[in-house]
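Asker: Each protein sequence line maps, in turn, to chains A and B.
Heads up, the final residue of the first sequence is numbered 1051 in the numbering used here, and it's a clean run with no missing numbers.
Heads up, the final residue of the second sequence is numbered 418 in the numbering used here, and it's a clean run with no missing numbers.
Worth double-checking, as some hints may not be accurate.
[Said to hold, decoys possible] Each computed DSSO-like pair below joins lysine-lysine, with the alpha-carbon atoms no more than 30 Å apart:
id: 1; chain 1: B; residue 1: K216; chain 2: B; residue 2: K269
id: 2; chain 1: A; residue 1: K883; chain 2: A; residue 2: K963
id: 3; chain 1: B; residue 1: K216; chain 2: A; residue 2: K817
id: 4; chain 1: B; residue 1: K233; chain 2: A; residue 2: K883
id: 5; chain 1: B; residue 1: K229; chain 2: B; residue 2: K269
id: 6; chain 1: B; residue 1: K229; chain 2: A; residue 2: K883
id: 7; chain 1: A; residue 1: K817; chain 2: B; residue 2: K229
id: 8; chain 1: A; residue 1: K963; chain 2: B; residue 2: K322
id: 9; chain 1: B; residue 1: K233; chain 2: B; residue 2: K269
id: 10; chain 1: A; residue 1: K817; chain 2: B; residue 2: K233
id: 11; chain 1: B; residue 1: K322; chain 2: B; residue 2: K269
id: 12; chain 1: B; residue 1: K269; chain 2: A; residue 2: K883
id: 13; chain 1: B; residue 1: K233; chain 2: B; residue 2: K216
id: 14; chain 1: B; residue 1: K229; chain 2: B; residue 2: K216
id: 15; chain 1: A; residue 1: K963; chain 2: A; residue 2: K817
[What the hints assert, rightly or not] Chain A side only, calculated, beta carbon under 8 Å to chain B, not exhaustive:
id: 16; residue: T788
id: 17; residue: P790
id: 18; residue: A802
id: 19; residue: A809
id: 20; residue: K883
id: 21; residue: G885
id: 22; residue: D888
id: 23; residue: S892
id: 24; residue: I895
id: 25; residue: S898
id: 26; residue: R929
id: 27; residue: A939
id: 28; residue: L942
Source of the hints: derived by calculation from the structure; they are not laboratory data.
As the structure is a prediction and not an experimental result, all values here were calculated from the model.
Built from N, CA and C at the ideal position, the CB exists for glycine as well.
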Amino acid sequence: MTAVLTADTAPEVLAPDAKRPFALARHSLALAWRNLVKTLRNPEQLIDVTLQPIIFTAMFGFLLGGALAGDTAAYLQTLVPALMVMLTLFASIQSGVNFSADLKSGLFDRFRSMPIGRSAPLIGAVLGDAIRYVVTVVVLLGFSSALGFRIDTDPARALAACLLAIGLGFALSWVFLLLGAVLKEPGSVQGVAFLVTFPLTFGTNLLTPVESMPGWLQAWMDVNPSVYAMDAARGLMTGGPVAGPVAVTLAWIAGIIAVFAPLAVAAYRRRT
Amino acid sequence: MSTAFETEGLVKRFGDFTALAGVDLAAEEGTVLGVLGPNGAGKTTMVRVLATLLRPDGGTARVDGIDVTRRPDEVRRRIGLTGQFASVDDDLTGFENLQLIGRLLDLRGGEIRSRSKRLLADFDLTDAAKRTVKTYSGGMRRRLDLAAGLMGRPKTVFLDEPTTGLDPAKREELWGVVRRLVADGTTVLLTTQYLEEADALADAISVFDQGRVIAHGTPAELKRIVGGQSIIVRPTGADSLDAVAALLRRFTGHEPESPQRGVLAVPADSELVFTAVVAELALAGIGVTELALRLPDLDDVFFTLTGHTAADKKEEVPA
Chain A
780 MTAVLTADTA PEVLAPDAKR PFALARHSLA LAWRNLVKTL RNPEQLIDVT LQPIIFTAMF
840 GFLLGGALAG DTAAYLQTLV PALMVMLTLF ASIQSGVNFS ADLKSGLFDR FRSMPIGRSA
900 PLIGAVLGDA IRYVVTVVVL LGFSSALGFR IDTDPARALA ACLLAIGLGF ALSWVFLLLG
960 AVLKEPGSVQ GVAFLVTFPL TFGTNLLTPV ESMPGWLQAW MDVNPSVYAM DAARGLMTGG
1020 PVAGPVAVTL AWIAGIIAVF APLAVAAYRR RT
Chain B
100 MSTAFETEGL VKRFGDFTAL AGVDLAAEEG TVLGVLGPNG AGKTTMVRVL ATLLRPDGGT
160 ARVDGIDVTR RPDEVRRRIG LTGQFASVDD DLTGFENLQL IGRLLDLRGG EIRSRSKRLL
220 ADFDLTDAAK RTVKTYSGGM RRRLDLAAGL MGRPKTVFLD EPTTGLDPAK REELWGVVRR
280 LVADGTTVLL TTQYLEEADA LADAISVFDQ GRVIAHGTPA ELKRIVGGQS IIVRPTGADS
340 LDAVAALLRR FTGHEPESPQ RGVLAVPADS ELVFTAVVAE LALAGIGVTE LALRLPDLDD
400 VFFTLTGHTA ADKKEEVPA
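Make the full structure from the sequences, and use the hints.
Answerer: Given below as structure tokens:
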């Protein structure tokens, strides 16, 4: 260290936000960039989203395909779009786990002592994990195509299906950020998050048709947002009714964010 | 001069534990206020309230005249924080850490680059700028943390035990940085467990114990509270120790003690006694290798004020 500072340290009061608009968006993007860089520097953080699509496609496809649809390739046509929804929901758990770990670090003390929006670190955490959704969707579509999955509609609709699944993942990540802000240990966030995610993802027509299930389970499916997202993704990728399921899914995405984003921000603020 | 920050009757409780039991503090602009106390005395809680990280349960805290609970964002534009645990991101490089802070402070791109480069150079981190922080040593992280706290040219800098765990050479370097900041007009609140550090840097010291300020003053004033200065003599030959002890007893009227082998210390009630002792030693032809009129150090201050030393306290206080 040099004996004296050469950088100008003459004090200066920072300009208020009003001078430069969109402060919240800029701060959130700066923090999302941090999350993205961290993920890319620790590629093992992407192992789950890379291997899960392969394992689930192979397992369900070969295990159930013959029995339920005659052969694997035919079964994949109904499995893959729904599996995409399940995988994006699984991928969103990590946002809450990382957020919980971040809250324990001194770095977040620094953020809290700076003139940035209280929601910026949370929005940054959600957006920064976009790469996880992209990886899991790309691997799923790549691997399942090799096993015989085909998009029967067109690329634009298929893309819309992907975005819808990712949108539900983003929405659910606010639930996990809330858990991350409330629970002290990243490990407990993961545990509780899986408890939330299993009924959402497996309590669906992911693997088998609704008609085969008891009434109470069918009642759950009538309200489970994943069912609508899975139906919408199937319609958009392999044909079938689209408008209804898409509308319900979008409403759920908006509803989950409207309820859980403020709760997560409030829980984060209370931690201070 | 105006007040850079002040607190009145600040109270903070965590469940049954009272971390701050009515703390009054104040620092003039461009000065260093040392907050001295053992672990668990409430120093970090104090800093966290002033840095808007904790809401107090009672009392007020103002930075630059602005209430920290009413207008926290206005306070945040004026402060820099360097924590006890280095608050930088392990997975980012040194440069990226400063870049992130600059972007969050709404600095322009060019300013972020030039300021990061200057600060990295000042803190001897230029060569490590492109390495991720997880490869840094403890001292390097501490320096980067301080650099990050200075990105926004804060008016007031809170340094929470900035030199804990640093080796003595690095500690002295950090002291140089603090002095330079103050020369530029920055106000510094420095918490420390090192009595020597508060003595070296602070214009005024508040001594904390169990959530209270038990003494406040300049280092010299605090030393005066403890009273008596002492004469320290180390005769050249051990065989003259008895003669020196007799001489000291005669001139001061106190019984000399031996704090170390071969050294005698005795309270001196007036400065004149010291010069008389010096003259008498010369007359008696007794050579000395050390001869001093010493003010008490801050360890003595702490002991006098609390009845225990800073070190014994650490064991019994909750973390």
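Asker: For each hint, tell me whether it holds in the structure or not.
Answerer: Comparing the hints with the structure gives:
1. With a CA separation close to 21 Å, the supplied pair K216(B) and K269(B) stays within the 30 Å bound.
2. With a C-alpha separation of about 8 Å, the suggested pairing of K883(A) with K963(A) holds against the 30 Å cut-off.
3. A threshold of 30 Å between alpha carbons decides the hint, and for K216(B) with K817(A) the separation of about 22 Å falls inside it, so the pair holds.
4. For the given pair, K233(B) sits about 17 Å from K883(A) by alpha-carbon distance, which is consistent with the 30 Å threshold.
5. At roughly 22 Å between alpha-carbon atoms, K229(B) and K269(B) fall within 30 Å of each other, so this suggested pair holds.
6. This hinted pair checks out: K229(B) and K883(A) have alpha carbons roughly 26 Å apart, not beyond 30 Å.
7. Pair hint K817(A) plus K229(B) holds up; C-alpha atoms about 15 Å apart against a cutoff of 30 Å.
8. A distance of roughly 45 Å separates the Cα atoms of K963(A) and K322(B); the hinted pair therefore is violated under the 30 Å criterion.
9. Restraint check for K233(B) and K269(B): the C-alpha separation of about 20 Å stays at or below 30 Å, so the hint holds.
10. A distance of roughly 12 Å separates the Cα atoms of K817(A) and K233(B); the hinted pair therefore holds under the 30 Å criterion.
11. For the proposed pair K322(B) and K269(B), the alpha carbon gap of about 27 Å is at most 30 Å, so the pair holds.
12. At roughly 27 Å between alpha-carbon atoms, K269(B) and K883(A) fall within 30 Å of each other, so this suggested pair holds.
13. Between the alpha carbons of K233(B) and K216(B) the distance comes to roughly 20 Å, so the proposed pair stays at or under 30 Å and holds.
14. Straight-line distance between C-alpha atoms of K229(B) and K216(B) comes to about 11 Å, which keeps the hinted pair within the 30 Å bound.
15. The straight-line distance between the Cα atoms of K963(A) and K817(A) is roughly 22 Å, inside the 30 Å bound, and the hint therefore holds.
16. Interface restraint check for T788(A): the shortest CB-CB distance to chain B comes to about 5 Å, inside 8 Å, so the restraint holds.
17. A least Cβ separation of about 4 Å between P790(A) and chain B falls short of the 8 Å threshold, and the interface hint therefore holds.
18. About 7 Å separates the beta-carbon of A802(A) from the nearest beta-carbon of chain B, less than 8 Å, and the hint is met.
19. Against a cut-off of 8 Å between C-beta atoms, the interface hint on A809(A) holds, since the closest Cβ of chain B lies about 4 Å away.
20. A distance limit of 8 Å between C-beta atoms decides the matter here; for K883(A) the minimum to chain B is near 10 Å, and the interface restraint is violated.
21. Interface restraint check: G885(A) against chain B, minimum CB-CB distance 3 Å, threshold 8 Å, status holds.
22. Taken as an interface hint, D888(A) checks out: its beta carbon lies about 6 Å from the nearest beta carbon of chain B, inside 8 Å.
23. The closest approach between the C-beta of S892(A) and any C-beta of chain B is roughly 4 Å, which is under the 8 Å cut-off, so the hint is satisfied.
24. The criterion of a C-beta within 8 Å of any C-beta in chain B is met by I895(A), whose closest approach is roughly 5 Å, and the hint holds.
25. A least Cβ separation of about 13 Å between S898(A) and chain B goes past the 8 Å threshold, and the interface hint is therefore violated.
26. Among the interface hints, the one on R929(A) is violated; its C-beta lies about 40 Å from the nearest C-beta in chain B, farther than the 8 Å criterion.
27. Violation of the interface hint for A939(A) is found here, the shortest Cβ-Cβ separation to chain B being roughly 33 Å, above the 8 Å cut-off.
28. A distance limit of 8 Å between C-beta atoms decides the matter here; for L942(A) the minimum to chain B is near 28 Å, and the interface restraint is violated.
Taken one by one, the earlier hints fail for this structure at numbers 8, 20, 25, 26, 27 and 28, listed in ascending order.
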